[in-house]
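**Student:** Sequence:
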Amino acid sequence: MGPRGPRSGRNPYQLTEETPVYVISVAAELSGLHPQTLRQYDRLGLVSPDRTAGRGRRYSARDIQQLREVQRLSQDEGINLAGIKRIIELENQVAALQARVAELSAAVEGAAAVIQAREAAVHASYRRDLVPYQDVQQTSALVVWRPKRDG
Numbered sequence: 001m002g003p004r005g006p007r008s009g010r011n012p013y014q015l016t017e018e019t020p021v022y023v024i025s026v027a028a029e030l031s032g033l034h035p036q037t038l039r040q041y042d043r044l045g046l047v048s049p050d051r052t053a054g055r056g057r058r059y060s061a062r063d064i065q066q067l068r069e070v071q072r073l074s075q076d077e078g079i080n081l082a083g084i085k086r087i088i089e090l091e092n093q094v095a096a097l098q099a100r101v102a103e104l105s106a107a108v109e110g111a112a113a114v115i116q117a118r119e120a121a122v123h124a125s126y127r128r129d130l131v132p133y134q135d136v137q138q139t140s141a142l143v144v145w146r147p148k149r150d151g
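Quick note: the sequence shown uses UniProt numbering, first residue 1, plus one each step.
The hints are simulated quantities; they were obtained by calculation from the structure and are not laboratory data.
Do not take every clue at face value.
[To be verified] Here are the simulated EDC-like pairs of lysine to aspartate or glutamate, each with C-alpha atoms no more than 20 Å apart in a straight line:
hint: 1; residue 1: 85; residue 2: 69
hint: 2; residue 1: 85; residue 2: 42
hint: 3; residue 1: 85; residue 2: 50
Please put together the full structure from these sequences, using the hints given.
**Tutor:** Structure, rendered in structure tokens:
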């Protein structure tokens, strides 16, 4: 463990779009929704913010984007909340599968590189004094072998 903890390559104070920093009133204002709507979306599992030790909700920038998307799907597209929840679940599943495909692709590329390196090592170990065998073309000629006889 490094001097900055287990994630020595990352600043623990750096904010990302996943960092829960907005209280419900600010999140409501940023998303253009009423705080009660945010509470309902949380109860329904549409947008689930992180919680503080005192059980207060803390929304991230990603949560704000998701709140706006839920509102857009509901108001502009006319999709009910159950349908929106299913859409979100499927989008999350697709994202997880895409991440897994990327992970497996990287593993395959790594394995291919190892195979190529091993193949190159095998080729480098070939003896250079050996001549490759060329298969003689088949003909209809008949060769009779007669062993030499002594005497």
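**Student:** Hint by hint, note whether the structure agrees.
**Tutor:** Each hint, compared with the structure:
{"no.": "1", "hint": "85 / 69", "in the structure": "holds (11 Å)"}
{"no.": "2", "hint": "85 / 42", "in the structure": "holds (11 Å)"}
{"no.": "3", "hint": "85 / 50", "in the structure": "holds (18 Å)"}
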